[in-house]
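Visitor: Residue-level listing of the chains:
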Amino acid sequence: MNQYIGELTQHLKKLSEQDAMDAISYYTDYLTDGNINTYEECVKELGSPNRLALQIRADVSINNSDSSIPQKFWELPSIVILALFASPLLVPVVISLILVIFGAVLAASLMVLAVVLVLILTFIVFLCTTVWGVTNITGHLFESIMVLGVALFSLGLSMELYPLSKWLVRKLANWIQHVTIWTYEKCLRYGNAEGRVDNEEI
Amino acid sequence: MAIKVATKLLDGCVLGLLEQEEMYGYELTKRVQESINVSNSTMYPVMRRLKSEGLVDTYDESFEGRNRRYYRITEAGKTQLEEVKTEWMTFKSGIDDLMGG
Chain A
-8 MNQYIGELTQ
2 HLKKLSEQDA
12 MDAISYYTDY
22 LTDGNINTYE
32 ECVKELGSPN
42 RLALQIRADV
52 SINNSDSSIP
62 QKFWELPSIV
72 ILALFASPLL
82 VPVVISLILV
92 IFGAVLAASL
102 MVLAVVLVLI
112 LTFIVFLCTT
122 VWGVTNITGH
132 LFESIMVLGV
142 ALFSLGLSME
152 LYPLSKWLVR
162 KLANWIQHVT
172 IWTYEKCLRY
182 GNAEGRVDNE
192 EI
Chain B
223 MAIKVATKLL
233 DGCVLGLLEQ
243 EEMYGYELTK
253 RVQESINVSN
263 STMYPVMRRL
273 KSEGLVDTYD
283 ESFEGRNRRY
293 YRITEAGKTQ
303 LEEVKTEWMT
313 FKSGIDDLMG
323 G
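Top to bottom, those sequences are chains A and B. Counted from 1, the first sequence has number 114 at position 123 by the working numbering; the numbering is strictly sequential. Adding 222 to a residue's 1-based position in the second sequence gives its number in the working numbering.
I should point out that these hints are in silico values taken from the structure, not numbers from a laboratory. For clarity, every value in this text was computed on a predicted model and none was experimentally measured. Any given hint could turn out to be false.
[Said to hold, decoys possible] Label pairs and their in silico Cβ distance ranges:
no., chain 1, residue 1, chain 2, residue 2, range
1, B, Gly322, A, Arg161, 51 to 57 Å
2, A, His169, B, Phe313, 25 to 31 Å
3, A, Val109, B, Asp318, 56 to 62 Å
4, A, Asn54, B, Glu256, 34 to 40 Å
5, A, Asn41, B, Ile225, 28 to 34 Å
6, A, Val82, B, Ile225, 23 to 29 Å
7, B, Gly322, A, Asn26, 32 to 38 Å
8, A, Gln(-6), B, Glu297, 37 to 43 Å
All C-beta atoms, glycine included, are put in the ideal place defined by N, C-alpha and C.
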């Protein structure tokens, strides 16, 4: 049992100290009360320490995601994907769920990339037109004024686009969290709570 | 095919058990498993959430030279239990009517 709890503790290192301690003390109590002593018995009762840790981490991440604790947007999807792999769900189901999450992340990333590209392009246009306008101002006055106008326009556009892209990134990150939480709630949390069946415990 | 138990119902089941008596984690898991099929690791997240929502609280009591953590229902938990019970009775009678139970 000590070895099992030791491994669980290792896998829970990424949690806050309080969350990790709560979980460890719960499962230490659980195994002691159940008189579950050997490592093999522990695995039979609760699954591998790694799998149990992933389940705990996914649950803690989901329940903390509403709070103000800052989280990198890929952290939650990656924990949930790992937890899905560790879950007793059928492989095709797991794969399709992971594709859902992956698709959401990919779509969001592509949208962000597109906006960033447009942003960069507008800025390049600003730089080129400014340089051309300034260097040719003596020879081609009217063209230069027009080109400098374009330069100012693209500067304005990129300044508009910058907060817009930041907003978009935030929105998309939020949306990915929602897709992930949805997948988690549908499939993992209490996924095994069913009307009683007298077969072997998962 | 097994019928999935919704989160709210599982909460209700736990609160119902705790209203009868205070229990520790292992005991609670085994009692729930007498009636519905939940995996052994299902109850920790449930209890964690019920505690953070203030529906249950915990206290430690010494047992065989160590501290054992017990769960007990709070007043808010009792109110929630009544709500779930009412909703469940309405739902149950609706299903019974349809299925001719």
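Visitor: If a hint holds in the structure, say so; if it does not, say that too.
Guide: A quick look at each hint next to the structure:
{"no.": "1", "hint": "B:Gly322 - A:Arg161: 51 to 57 Å", "verdict": "holds, 53 Å"}
{"no.": "2", "hint": "A:His169 - B:Phe313: 25 to 31 Å", "verdict": "holds, 27 Å"}
{"no.": "3", "hint": "A:Val109 - B:Asp318: 56 to 62 Å", "verdict": "holds, 60 Å"}
{"no.": "4", "hint": "A:Asn54 - B:Glu256: 34 to 40 Å", "verdict": "violated, 27 Å"}
{"no.": "5", "hint": "A:Asn41 - B:Ile225: 28 to 34 Å", "verdict": "holds, 31 Å"}
{"no.": "6", "hint": "A:Val82 - B:Ile225: 23 to 29 Å", "verdict": "holds, 24 Å"}
{"no.": "7", "hint": "B:Gly322 - A:Asn26: 32 to 38 Å", "verdict": "violated, 46 Å"}
{"no.": "8", "hint": "A:Gln(-6) - B:Glu297: 37 to 43 Å", "verdict": "holds, 42 Å"}
Checked against the numbered hints given earlier, the structure breaks hints 4, 7 and satisfies all the rest.
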